[in-house]
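Chemist: So you can see what is in the structure, the chains are spelled out below.
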Amino acid sequence: MTAGTEPLVSVTDLSVAFPTGDGVVRAVDGLSFTLARGGALGIVGESGSGKSTAAYALLGLHRDTGAEVSGSVTVAGHDVLAAGDAELRALRGGVAAMVFQDPLSSLDPYQAIGDQIAEVYRTHRKDASRRAARERATEVLDRVGIPDAARRARSRPHEFSGGMRQRALIAMALACEPRLLVADEPTTALDVTVQAQILDLLRDLREETGTGLILVTHDLGVAAGTVDELLVMKDGRAVEHAPVRTVLDTPRETYTRDLLAAVPRLNVRRKVVAKRPVPSVEGAVEGSAEGAADTGVLLEAEGLTRTFGRGRKAVTAVEEVSLTVRAGETIGVVGESGSGKTTLGRMLVRLLEPTGGALRYRGRDIGGLKERELRAFRSELQMVFQDPVSSLNPRRSVGESIADPLRAAGRLGDAEIVARVRELLERVGLDPGAYHRYPHEFSGGQRQRVGIARALAPEPRLIVCDEPVSALDVTTQAQVVRLLGEIQRDLGVALVFIAHDLAVVRQVSDRLVVMKGGRIVEEGAADTLYERPGHPYTQGLLAAVPRLEKAEAAA
Amino acid sequence: MRQLPAISRRVAAAAVSVVLLGGAAACGPEKSGGDAKGGGADGAAQKGGTLTVLNRQPQKQFDPARLYTSGGGNVPSLVYRTLTTRNRESGAEGTKVVPDLATDIGRASDDAKTWTYTLKDGLKYEDGSPITAADIKYGIERSFAAELSGGAPYLRDWLVGGDTYQGPYKEKKGLDSIETPDDKTLVFHLRKSEGDFPYLATSTQFAPVPKAKDTGAKYAEHPVSSGPYKVVKNENDGEQMVLERNENWSEATDKERHAYPDRIEVKSGLSSAVINQRLSAGQGADAAAVTTDTNLGPAELAQVTGDKKLASRVGTGHFGYTNYLAFNPKAKPFDDPKVRQAISYAVNRTSVVNAAGGSSLAEPATTFLPNQKSFGFTPYDHFAAGATGDAAKAKELLKQAGQENLEITLTHSTAQDFETSPDIATAVQAALKEAGIKVKLAGLESNDYDEKVHSLDKQPDLFLAHWGADWPSGGPFLAPIFDGRQIVKEGAGNFNTARLDDSKINDEIDEINKITDHDAAAKRWGALDRKIGEQALTVPLFHPVYKRLYGKDVKNVVISDWTGVLDISQVAVK
Amino acid sequence: MTTYFLRRALGAVAVVLVLSAVVYVTFYVAPGDPARLACGPRCNTEQIRQVREQLSLDDPLLTQYWHFLQGVFTGQDYSTGTSVLHCDAPCFGLSYQNNQLVTDMLVDRLPATASLAVGAMAVWLAVGIGTGLLSALRRGGVTERALTWLTLAGTATPVFISGVALLMLFCVYLEWLPFPSYVPLTQDPEQWAWNMLLPWLALGLLESAKYARLTRSSLLETLAEDHIRTFRAYGVRERSLVARHALRGALAPVIALTAADFGSIFGGAMVTEVTFGLPGIGQLLVNATQKIDLPVVVAVVVITGTAVVIANIVADVLYAVADRRVALR
Amino acid sequence: MTDLLSTPEPAAGLAPASGARQVWRRLRARKSALAAAAVLGLLVLLALAAPLLAALEGQDPNTYHDALVDSARGGVPLGDFGGISAEHWLGVEPGTGRDMFVRLLYGARVSLLVALGATVVQVLIGLAVGLGAALGNRFADSALTHLTDVMVSMPLLVFAIAMVAVVPADFPRPLLLVFAIGLLAWGSTARLVRGQTLSLKKLDYVSAARLTGGSSWRVARRELLPGLAAPVITYAAILVPSNIVIESTMSFLGVGVKPPTPSWGQMLSTANTWFRADPAYVLLPASMLFVTTLAFTVLADGVRVALDPREASRLRVGRGGRESRKSRPGGTA
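Protein chains in written order, with full-length UniProt numbering: chain B, 1 to 555; chain Y, 1 to 574; chain R, 1 to 329; chain A, 1 to 333.
Since the hints were made in silico from the structure, they are not lab data.
Be a bit skeptical, because a hint or two may be false.
DSS-like mimics (lysine-lysine), calculated; alpha carbons at most 25 Å apart, straight line [what the hints assert, rightly or not]:
no., chain 1, residue 1, chain 2, residue 2
1, A, K202, B, K313
2, Y, K399, Y, K330
3, B, K370, A, K202
4, A, K31, B, K313
5, A, K31, B, K370
Sequences are here, hints too, so could you generate the full structure?
Modeler: Pasting the structure below:
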């Protein structure tokens with residue numbers, strides 16, 4: 001804050017409330033803060049803390065949505081809440097520009113990226129010709145590091161990679177040289193390496209243009225190296241507001257400390273807990289080789305390959321992957337988007353049929369079995385899905401979703417099933433009374449817990465967790481990861497934990513597999529791999545993980 | 001019987017049109033208003049202008065061999081002249097046969113087994129070449145070819161050798177029973193006496209076809225005109241036709257056709273509702289428009305009668321036609337005459353007439369013959385049921401027959417034609433219910449209906465039937481239905497649905513056919529009808545009446561009792 | 001891409017073959033004797049037999065069908081009595097009724113049906129999308145209500161009622177329009193449009209409610225998408241938001257449905273054609289069905305089937321063009 | 001466990017309810033849907049009570065009243081508005097003088113039966129074929145998709161006419177119409193189902209259900225069908241009136257219900273010439289059809305919304321909650 005000049009952003013006693021069928025939800029409650037010209041503020045908090053709602057209020061985005069907004073918001077001299085429609089439109093994008101989270105869905109899929117940026121430019125520079133607007137689009141795309149910008153400006157969003165799309169969104173924000181950038185979780189959907197690049201870009205832009213920045217994120221690690229000040233929000237209120245170093249070094253609030261603790265770290269070794277005796281793999285499946293049971297090998301993939309499409313357009317998502325999962329162990333599978341890890345996970349539980357190689361479950365090749373023949377094995381191989389929204393049927397209560405495998409097995413009576421489901425709900429840390437509630441009534445983290453309960457219901461021997469926490473905020477991530485660890489320990493079930501974030505996997509894995517381009521590039525015991533990564537790719541991944549320490553060093 | 005109107009009726013039925021054909025009988029004071037010559041717009045008829053014909057049925061067939069018309073048809077008669085033709089007068093006068101290409105209506109000899117015709121002088125085709133007797137013979141021969149089927153059966157049945165002759169394409173030699181001793185004379189040799197031959201000679205098969213111009217199945221595309229107009233356009237399967245003057249038509253030799261308009265445009269494929277609305281609105285070209293196949297329906301009649309101006313543009317026509325209930329008297333329970341009589345008594349003709357469009361469109365019938373003098377109409381009502389049926393009498397007869405709880409099935413077609421249609425069937429059903437007869441209705445799709453009722457083995461025992469005349473005479477009306485020798489055992493060509501084979505009746509038919517004096521013959525037909533009626537083989541229901549609306553600029557309206565439609569060869573639009 | 005079209009074309013051929021076979025079997029089983037109907041009302045058994053022989057109706061079903069296929073793929077020769085008539089492939093044979101080449105009959109009638117289909121499509125798109133837009137964006141307005149009721153009434157009214165009602169209103173009472181009488185587009189475009197207006201309205205309104213609902217739900221869904229929020233957050237006006245960003249995505253399913261409906265109109269507009277007296281293939285089909293004029297029925301069904309299949313392909317391609325994320329497969 | 005605690009406890013006062021009861025509760029909250037349901041209920045009730053109401057009026061549907069029509073004027077009913085009188089509450093039919101009120105009621109029986117029955121058949125076949133195509137292998141998909149194309153290409157009326165002609169005459173006609181329409185006009189429903197299923201199938205919860213080891217049918221029934229319900233119900237609401245229109249067109253072409261049975265379609269098919277002479281004859285069945293269409297449309301809208309538990313709290317979820325955005329399939333990235 002530079003004394004003597006009017007702050008760029010000034011928020012006083014801001015409240016935002018949403019009327020719902022069950023009463024009014026106060027998403028933001030009496031929030032006040034200021035941001036000096038050229039300053040950078042990080043607003044952090046877990047989901048539901050009101051941080052995004054507050055950010056939206058800066059651009060008056062709650063207007064006409066039914067939300068009740070009070071207090072005052074001033075951005076570069078404009079009173080946002082009192083501004084007329086025209087003034088507000090001029091403000092949006094012209095004075096303050098928003099960078100949204102999901103770059104794919106935030107861009108119009110039908111139009112060329114350059115045209116979209118040009119449209120925004122012409123909205124605010126009425127006198128600009130089409131040609132000038134297109135040139136400006138190329139210019140800003142070039143600025144955010146899109147190679148061959150003039151040509152790529154003609155591409156549509158789906159032709160861009162995730163990182164390039166995020167850059168394009170930032171370019172759009174830059175188009176009209178705004179004085180404030182509001183970035184709402186700009187890196188959450190991205191791989192760690194890309195995330196690092198985008199954060200670097202934001203930093204550079206700030207230095208170069210002197211634009212103010214408000215960065216909304218759940219991840220203190222992301223904010224740490226990018227902003228000057230931190231505003232920590234909880235339940236719609238600011239609980240802590242201080243320079244970034246102060247917050248990181250000497251957090252006042254427990255809440256802040258929890259947030260800090262939740263940031264996944266690479267330097268934490270997995271706690272070796274005395275494992276329960278691994279359940280023996282007795283009663284081996286018919287026709288299985290006797291030897292398999294003895295070695296404790298549960299699932300064995302050999303040269304597993306999966307190709308999509310035919311002919312020239314064929315894409316091989318997984319190529320010649322060999323992997324062994326022993327009973328009760330946890331294997332982390334790490335890779336960036338497109339590395340084939342999800343495809344591999346789906347093949348391991350036979351949601352996908354491999355197009356090559358062998359998949360042996362307890363000695364029997366299940367790679368080519370038909371759906372009908374697979375039924376006998378289904379309950380033993382379960383999966384926890386990435387997307388907490390689409391993994392639960394919105395039209396069925398969560399209890400019913402969890403009960404599904406039990407009902408399908410048909411061994412238990414109705415009352416027993418309900419009892420078992422309540423037990424499972426409790427086990428994953430949910431209220432047993434939630435049986436009759438619907439998925440939309442739960443937060444993302446809770447839904448993931450439901451997904452875990454469902455996977456546990458048939459008492460499986462192996463659960464494949466496909467990026468189970470990548471859509472969650474850091475605190476929730478930590479909780480869910482902890483839960484999985486506990487379950488693994490208590491029940492002795494084998495886990496295959498797929499993630500794009502090395503830090504997340506570290507806390508749970510015995511062994512680690514790093515994938516790139518459908519192949520395994522490195523494999524080994526977790527600690528070894530983290531401490532002495534062999535492959536340059538692994539090294540790159542490790543280097544990209546944001547570190548709180550680094551921020552301290554930089555500051 | 002059955003000529004164009006009959007055909008179109010059937011077609012209309014099943015499908016689509018909104019159908020307004022009504023049925024019914026010559027109403028009493030029939031020579032009123034529109035019937036008389038000169039109806040329509042005021043002033044003398046003059047040549048010139050364009051006449052528009054708005055029709056439902058496209059002129060799908062235009063080959064003279066394939067046409068099945070009464071008296072040469074309407075549009076075809078503008079292009080094809082025939083040996084004889086119908087008298088172009090309104091009302092009963094119009095049921096007479098008059099000479100056309102020939103100098104008279106035919107000279108009979110040998111008990112009417114031989115007929116001789118002489119052609120007029122100066123007859124020419126549209127290209128100026130002369131019309132010869134050989135061309136007429138060739139035209140008749142063509143109609144025997146399988147490729148050109150469709151015409152009436154009489155030539156086949158009457159001409160010596162006609163039953164086996166296969167047409168000029170297969171048998172180059174021609175038909176010996178038609179002699180052409182010179183370019184102007186034709187002599188026809190018949191297998192039996194046929195006093196009605198002059199009526200047959202009105203059909204388009206008697207139109208000349210120059211052999212050199214014959215293109216077989218494709219002749220209809222460019223027929224050679226002998227009449228006042230030639231075809232200049234024939235599109236969409238006969239839906240759009242344009243006729244223009246044939247400059248080589250010699251008016252002097254044609255007393256019947258006036259040919260006032262310079263140009264005639266036929267637009268068909270329209271729905272009845274549209275045709276009648278267009279005629280009543282009379283916008284633009286529609287002011288000079290007529291229709292040759294569409295009647296005013298009940299709803300339109302209700303509307304038109306409320307409007308004096310419109311009402312003055314309605315002509316009434318009759319056409320020899322009877323709608324009736326047909327029995328199979330060989331099948332139970334209809335083998336008992338008392339049952340047939342009971343049903344005759346039970347029928348409520350008021351309901352039936354209302355279902356057929358009301359008293360303006362149908363007249364109750366108690367005779368099989370149409371109520372026109374030319375057919376030999378002789379009034380009788382053997383089972384007098386009054387206007388609304390005599391349920392008590394019917395019940396009594398059923399009691400005598402031991403059929404107090406009679407349950408029967410009435411077959412009808414699903415065509416919406418006010419003839420054999422569901423409306424009529426339900427009216428009959430409702431009336432018989434009064435007499436304690438439970439009637440189940442069996443509706444058949446119209447092709448199915450046609451095929452079943454005309455096949456001896458599949459024929460329903462009780463069904464709605466109709467019959468019309470190929471020309472206004474008792475012969476073609478009674479013989480196919482009641483002549484025992486015309487029972488067709490195979491296929492679907494039987495019309496004697498009562499299977500009546502009475503030698504006395506058969507002999508009487510032969511006797512009357514020898515008579516060439518139409519009036520004398522008509523009396524005998526009337527008497528024969530009355531006698532057959534006693535057996536209650538059918539229950540006559542109603543004779544249809546036709547109400548024809550025409551455009552406001554139309555003059556010289558002629559509607560004969562032969563065709564019941566407005567004669568477009570007489571109409572003037574100037 | 002070539003493989004794609006090749007595969008779709010093969011699929012189309014299969015569909016059309018099945019369709020034609022179904023028609024053959026149906027009409028073979030259905031009552032009624034085409035020879036009798038072709039021959040004329042009072043033919044005797046011998047004449048009917050001759051006609052049957054001439055039309056090859058005595059051949060086994062399979063043989064008849066084979067001849068039909070031969071005609072379609074290689075053409076056929078027919079005797080007219082005096083000469084030989086050659087019918088080039090694709091030959092659908094001669095009409096039983098009047099010995100005309102079915103191909104010619106179809107060619108004569110396609111323009112009217114195509115005119116009807118195109119115009120009706122324009123009406124249902126204009127009314128349907130308009131209503132859908134209004135009801136998604138300005139719910140409760142007078143215009144919106146009126147249009148919604150109009151489309152519902154349209155859906156609930158058979159064309160033979162709505163058609164006559166329109167005729168009454170516009171031609172009889174108001175006298176704004178002439179009674180429809182088909183004028184070919186090539187002859188007089190203005191007259192063509194005036195004369196087709198009522199048929200377009202009658203048929204278009206029958207379909208428009210479906211489109212209104214589809215447009216509305218699709219638009220609401222699109223407006224809730226993130227990229228709309230993006231442009232809203234950049235100060236773009238609501239109007240251009242809808243026009244430039246929402247509409248295109250929202251209309252993709254509408255395009256797909258349009259193409260499918262457009263195809264089936266080719267065989268399905270018979271009531272409209274009959275009501276307004278349009279010389280289209282629907283009328284042809286009605287008459288041919290009654291007369292069991294098999295070559296004509298088969299030909300119309302084949303044309304309809306082809307139109308539907310082509311329309312489907314066009315829809316898929318349009319969909320893929322509209323939304324590049326969708327791959328053709 | 002913070003995230004558990006931070007979630008507002010929704011609808012705490014409400015007892016857990018079963019699915020059907022929840023749907024009903026949500027439906028009850030929508031007044032327009034309730035009104036529509038009431039209208040439809042009334043229609044069905046009137047149809048069922050037709051004999052009673054006929055007795056109340058003292059008329060029956062098939063008795064001719066020749067004295068009530070003007071025979072010389074084409075049989076137009078005597079009196080105003082189609083001959084409304086104390087004996088004939090809605091007047092009489094032109095030509096026959098049959099009672100319109102009773103015929104409309106009896107007509108409702110046939111029309112609603114045919115329309116609903118045919119819709120049920122269409123939806124069942126559409127579901128079976130659509131699901132089969134979407135869930136089956138390549139071969140099944142292409143075969144069923146082509147079959148659907150064939151069905152869509154068939155000129156419905158031509159085949160309906162053929163079908164009615166082939167089936168023995170004593171087969172109950174309304175039932176025959178149900179099958180004729182239902183068996184021939186399911187193509188578009190199948191297409192809809194296939195498309196919807198293909199997009200539902202991609203969702204993880206369907207994969208999760210496969211992992212339960214239940215049969216494919218079980219998965220389809222429990223996971224896919226509920227998701228299909230909303231679009232299918234919305235579509236069915238359009239099918240119902242369009243089936244009545246088809247029924248009327250079939251009557252128009254002479255293959256509708258058998259006389260003397262009345263149906264709205266049959267009445268409409270004979271009414272189109274009576275616009276000017278007896279407007280009541282057209283307006284009565286036409287307005288019944290309109291009311292039915294309107295009611296079905298509004299009700300279907302309500303049911304669609306009520307079927308989706310999310311709708312109840314849509315406002316609260318709001319736009320752009322962080323998680324909800326992840327639901328979109330990830331494109332080609």
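Chemist: All hints are to be evaluated individually against the structure, with a verdict given for each.
Modeler: Taking the hints in turn, this is what the structure says about them:
no.	hint	result
1	A:K202 - B:K313	holds, 21 Å
2	Y:K399 - Y:K330	holds, 21 Å
3	B:K370 - A:K202	holds, 19 Å
4	A:K31 - B:K313	violated, 53 Å
5	A:K31 - B:K370	violated, 50 Å
Hint compliance for this structure: hints 4, 5 are broken, all remaining hints hold.
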